[in-house]
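Enquirer: In order, the protein sequence lines correspond to chains E and F. Going by my numbering, the first residue of the first sequence is number 1, and it counts up by one from there. Going by my numbering, the first residue of the second sequence is number 251, and it counts up by one from there.
Be aware that a few hints might be false.
To be verified - Footprint (simulated), chain F over chain E, 3 or more residues, beta carbon under 8 Å:
id, segment
1, 69-79
2, 125-131
Stated by the list, open to error - Derived Cβ-Cβ restraints for the label pairs, each shown as a range:
id, chain 1, residue 1, chain 2, residue 2, range
3, F, 308, E, 200, 55 to 61 Å
4, F, 326, E, 36, 36 to 42 Å
5, F, 308, E, 117, 44 to 50 Å
By construction, these hints were calculated from the structure, which means they are not laboratory data. By construction, the Cβ of each residue, glycine as well, lies at the ideal position given by its N, Cα and C atoms.
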Amino acid sequence: MQKDLSQYTLRLADSALTMGQRLAEWCGHGPYLEEDVALTNVSLDLIGHAHMFYQMAGAMQEPAVTADDLAFLRDAHEYRNPLITELPRGDFAYTTLKQYFIDVFNLYLYQAMATSTHEELAAVAKKAGMEVKYHLARSEAWCERLSLSTDEAKARIQQALDDLWFYTPELFETDAAMQRLTAAGVAPDYATIQQQWQQRVEPFMALCGLTLPQAGWVATGGLQGEHTEHLGFMLAEMQFLPRAYPGCEW
Amino acid sequence: MASPSKAQIFQWLEAVKDPEIPVISIRDLGILQGIRVADGSVSVDIIPTYSGCPAMYAIQADIKQVLQAHGIEQVSIQLCHEPVWNTDMITEQGRESMRAFGIAPPLQADQRTVACPQCGSTETTCISQFGSTACKALYRCEACLEPFDYFKCHA
């Protein structure tokens with residue numbers, strides 16, 4: 001159980017950290033000041049979630065390791081995030097839609113996890129869940145605004161949807177360790193989360209007048225450590241400092 | 251020296267303020283959760299407001315500094331996940347200090363509109379849900395036209 005939970009919390013942490021890092025890249029590049037601040041605020045929350053999950057994951061390893069060790073001293077093939085969270089930030093429409101997909105996922109994930117039989121996991125999920133509500137309110141409002149706006153904005157968010165849609169099924173992938181945790185009431189049931197996600201996202205895309213793509217390559221591999229080439233470049237930048245100055249802390 | 255009492259330590263820690271809102275103490279903010287005293291060493295439990303809040307590092311350093319200034323050498327601080335902080339944990343005194351500082355305190359259950367901390371008008375508009383720090387949103391008063399920070403409700 002301990003080993004399963006360590007692996008699972010690592011996946012949660014890696015997903016939050018890579019999302020947070022991509023959002024942080026917007027610092028100084030947001031479309032206007034308030035949005036610049038909002039993007040980096042959401043980034044900060046996600047990096048905070050990553051830190052809590054890394055602490056849990058590290059404490060359960062033998063020998064125990066720190067959050068810094070896990071975030072900064074592992075290579076791309078050891079990361080367990082789904083591919084969607086490592087994709088480059090793209091334009092504002094692409095970032096917004098990607099964030100919306102993840103926010104809806106996080107909302108249902110943390111809602112369910114808040115009732116986990118594992119007390120610490122439940123407490124972290126309650127905290128993260130409160131913050132995600134604000135993230136989702138923002139990304140949802142922006143999706144609608146861009147979709148119902150100028151032809152340029154609409155074309156860009158439709159393009160983002162075409163590019164991102166088939167990365168979303170991977171969010172709900174599970175492995176044997178996660179399935180054991182779900183059976184034990186520790187991890188949420190991902191099939192239920194997928195249903196909730198689809199029931200919210202698909203009608204919303206229609207409301208925005210966006211068309212779901214019909215066919216494409218369905219992303220997979222993150223859970224096994226098989227990533228896009230983008231992750232390596234991200235880690236090279238993110239991990240530079242602790243690798244150049246060993247022992248410095250988060 | 252004799253071990254100080256818990257009440258004494260609570261009082262000393264009144265000096266530790268939120269670095270982003272320097273008029274509100276960590277007790278009024280609701281993040282100071284427990285104190286244990288044993289043989290001249292003191293252990294303090296705090297909970298984070300927001301998961302990624304960078305002020306938590308400054309607050310831990312400030313707690314150590316204040317207690318060491320009172321002669322306590324051995325200070326340990328635990329950053330706990332429980333209870334989960336929410337804005338109802340902010341004391342009445344904390345809400346008042348916030349308002350006087352120019353930040354609208356979080357809405358309570360029976361409140362619907364954010365009042366301007368400058369003129370008191372409830373004719374206010376949200377400019378952005380994300381403000382100068384993770385815990386604040388950005389508002390504008392339509393009566394006195396001043397922009398102001400609103401401490402977001404988290405419950």
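Enquirer: Compare the structure with each hint and give your call.
Expert: For each hint, the structure was consulted:
1. 69-79: Violated: only 0 residues of the segment 69-79 of chain E have a Cβ under 8 Å from chain F.
2. 125-131: holds (count 5)
3. F/308 <-> E/200: 55 to 61 Å: Given a distance of about 38 Å, which is not inside 55 to 61 Å, the answer is violated.
4. F/326 <-> E/36: 36 to 42 Å: 38 Å, holds
5. F/308 <-> E/117: 44 to 50 Å: 35 Å, violated
Checked against the numbered hints above, the structure violates hints 1, 3, 5; every other hint is satisfied.
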